[in-house]
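> With my numbering applied, the sequence shown corresponds to residues 1060 to 1686, in that order.
One should not assume that every hint holds.
Claimed, not checked - FRET-style restraints, in silico, Cβ to Cβ:
{"no.": "1", "residue 1": "Gly1493", "residue 2": "Arg1593", "range": "25 to 31 Å"}
{"no.": "2", "residue 1": "Asp1662", "residue 2": "Gln1442", "range": "31 to 37 Å"}
{"no.": "3", "residue 1": "Asp1165", "residue 2": "Arg1429", "range": "32 to 38 Å"}
{"no.": "4", "residue 1": "Gly1493", "residue 2": "Asp1272", "range": "43 to 49 Å"}
{"no.": "5", "residue 1": "Glu1489", "residue 2": "Glu1169", "range": "37 to 43 Å"}
{"no.": "6", "residue 1": "Arg1138", "residue 2": "Arg1429", "range": "17 to 23 Å"}
{"no.": "7", "residue 1": "Ser1224", "residue 2": "Lys1461", "range": "56 to 62 Å"}
{"no.": "8", "residue 1": "Ala1122", "residue 2": "Ser1441", "range": "28 to 34 Å"}
{"no.": "9", "residue 1": "Arg1429", "residue 2": "Asn1198", "range": "43 to 49 Å"}
{"no.": "10", "residue 1": "Thr1172", "residue 2": "Asp1110", "range": "35 to 41 Å"}
{"no.": "11", "residue 1": "Gly1140", "residue 2": "Arg1282", "range": "41 to 47 Å"}
Hints listed in this document are in silico derivations from the structure and should not be mistaken for laboratory results. Built from N, CA and C at the ideal position, the CB exists for glycine as well.
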Amino acid sequence: MDFFTSLLKAYEKAEEIGLVDQQNGDNPVLLPLYHTSLKSNGKNIISVKLDQDGSFYKAEVMADNQTIIFPVTANSVARSGSNPDPHPLVDKFSYYVSEVNQSQYDNFHEQLTNWIDYCDEGEVKEFLTKIQSFILQPNFLSDILHSLFGESYQRDILKITYPDSDGKGKTIDLSACFLEFSIVQFHGFKDESVTSYKELHQSYISFVTANLDNLGKCNISGRTEQITNKHRGLMGNAKIISVSNKGEAYKGRFKEREDVFSVGYETSEKIHLMIKYLLENKNSSTWLESSQYLINWFSDDLANESQLNIVKPVFNELFEDAEDERDSHIFIKPNEENKKIGSSFIKGQKLFSNDATYYVAILNKTSNGRIALKYFRQVQVSQLLKNLETWQENYSWEAKTKSGNYKLRTPTFNEIINSAYGVDKERYLELDNGSFKSDQYQQLVTALIDGRSIPNTIVKKLEDNIRQRQKYSKHWYQVQQVSLAVLQKQYGREFTPMLDHQETDRSYLFGRLLAIYELFEAQRYALDGSSQERITNAERYWNAYTGQPAKMMNHLENKIKPYEEVLKLNRPGIWHKLEKERKEIIQLLTPLYGNKEFTQPLDYKFIFGYYAEKQFYYTKQTKENEG
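Take the sequences, apply the hints, and build the full model.
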């Protein structure tokens, strides 16, 4: 099933289960056919309320963040040009005032009258008739303006000048403000607005359906529909389905542009409204930098209420974000419970079944008029879960929680990208190139969904970064943790946080030794409480050490001698533990001295030796302190 067909089926499924036009608080609404929505910014919508008899009650500016729903036509939904078509009922103030544009005014009322004439006698017809009767009254404009500004205002068509709180004249232009209508106690004690009145929405859908023409076969649905070349904009006016107005784009093989690809009006509406809903729903949409978005849904969980998020794996517990883990005294191994896939990728309750289908797409706004489909996949949920589990197993590393325990943590895509390509800034690792970052997001998404490994370019970049600690004075801890997670199962090798005393790999051993040098010095500083402020020689010479380990080993040996002596005198127990480890490492390195590769730069495995040695020290120290 292709992208558009999948969206069509999703919308029709939503119709079956009653998700369409389901208005629930601040949650996004999957709009009914031939309708659109507009969110208030506290200035752009005027709510006009009528009494039961249709007389004016009051007008007020709609509060910020409220959303209205109203009908549109094929021509008005993506209108442009010098004489744009009106919406059928709710529109900009200028369409209700003949002084602004007589032609637009006449078209508005002709359109509304046709809808009213179509309606059978009933409440919907009554609702529409009362609104039209009001807006045709001579005092229509003055009633609204008096309610909004009081008596002290001056009007120049729709430019209104009124005294502000300081008594100074303030001028605003209401031309672009939308008017939304409601009738107080229309149904008993219940108010009804254009937005809330679902029977009104259904009436308009019936009206449009009854007046369809230009019938033909839709290439997406396979059904006979009104064929259209006008499609809604998404992300402003940018379109995912568009037809060139230039004849040379299709002349030759085809007579008309509709011959290239025919799309039905109803099908177009369902596709675009589904995308709009998925983009607006925080559970089904994720911003991937620049103008790129990921949307995803399940065949049996259209709104993704399960809250699966492949881009941002999370845990219920907060994690330490300190840059220095020297005080990590509590060390608890991850248990089987937190290895479950749901702990990383699903924030809510799992509502989808294993035999359902998962859909994921990446949309990129390439210009003000175009949206490109960069990626689309549909996979069985059972396969998706396998891919997610594999990803978590391959790219997770322990992290310290706020409670002091350790749990497996899978880095987010943002953390991976920033750790690979970001610049060390004061607050966070920052990557300014939004387009490049979007491309990396896409590569990671496709790798995960398709069951492939993290791109090798990212792996190599992380390998380079862990050798350059000086570049990350602020956020080394993040770079280290992400690198450990990504590199732990590379090249057929597997490393764990546990120290392997039998490992004889040269890089691993040199990493262990680097940790020992750092610990000797850090524990000396801890004697006078300055461990957090002082940079050790191991950190200072990190880059050089990873490039010339044999040479820098001797250098660091000399550097730490003064610190060793102080520890030996004041903390003999600590000195003994560190010295024992150093001797073990040197003993394992000794057979490698004659190897020509001994002096070569270290590979990525050194970071695992370094990390494991430090965790071994702190774990042992904690156990002894507790004993």
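> With reference to the structure, classify each hint as holding or not holding.
Hint check results:
1. One distance hint, 25 to 31 Å for the beta-carbon pair Gly1493 and Arg1593, is violated here, with the actual separation near 38 Å.
2. As the Cβ distance of Asp1662 to Gln1442 is approximately 34 Å, the hint placing it in 31 to 37 Å holds.
3. Remark: the range hint 32 to 38 Å for Asp1165 to Arg1429 is upheld by a beta-carbon distance near 34 Å.
4. A C-beta distance of roughly 44 Å is found between Gly1493 and Asp1272, which places it inside the suggested range of 43 to 49 Å.
5. At roughly 56 Å, the beta carbons of Glu1489 and Glu1169 sit outside the given window of 37 to 43 Å.
6. A hinted range of 17 to 23 Å holds for the C-beta pair Arg1138 and Arg1429, which are about 18 Å apart.
7. At roughly 47 Å, the beta-carbon separation of Ser1224 and Lys1461 lies outside the given 56 to 62 Å, and the hint is violated.
8. About 46 Å separates the C-beta atoms of Ala1122 and Ser1441, a value inconsistent with the hinted range of 28 to 34 Å.
9. Restraint check, Arg1429 to Asn1198: a C-beta distance of roughly 46 Å satisfies the suggested window 43 to 49 Å.
10. For Thr1172 and Asp1110, the Cβ-Cβ distance of about 23 Å falls outside the hinted range of 35 to 41 Å, so the restraint is violated.
11. Judged by the Cβ atoms, the range 41 to 47 Å given for Gly1140 and Arg1282 is violated: they are separated by roughly 31 Å.
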